[in-house]
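Q: Based on the provided sequences and hints, a complete structural model is requested.
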Amino acid sequence: MKNGYISLVDENDKEIKFQIIDMVEMENDTYAILMPLDDNEEEGILVFKVLNIENQILELVTDESIIMRVIDDFNE
Numbered sequence: 001m002k003n004g005y006i007s008l009v010d011e012n013d014k015e016i017k018f019q020i021i022d023m024v025e026m027e028n029d030t031y032a033i034l035m036p037l038d039d040n041e042e043e044g045i046l047v048f049k050v051l052n053i054e055n056q057i058l059e060l061v062t063d064e065s066i067i068m069r070v071i072d073d074f075n076e
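Residue numbers (the numbering used here): 1 to 76.
Hints are computed from structural coordinates only; laboratory data are not their basis. You can trust all of the hints, since none of them are fake.
Here are the simulated SDA-like pairs of lysine to any residue, each with C-alpha atoms no more than 25 Å apart in a straight line:
#1 K17 with K49
#2 K14 with V61
#3 K49 with D73
#4 K49 with D29
#5 K49 with E25
#6 K49 with I71
#7 K49 with M68
Note that this is a predicted model, so its numbers are computed, not measured.
A: Take a look at the structure:
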């Protein structure tokens, strides 16, 4: 999962492909910075908390303060 691409299934059972931009370790948690590859997606990059790396279980981060900290850590 570290480099390359990943496919995730959303709440509507729609498969969405993402490019993995980076993985960030922060406060004993791992976050994935992903960019949707679907041209229909209006979002830019998205931040997901990695809940289980072996099974690729991710949770979308919606807390703006966490998103900003992950992005800041990525930019350093």
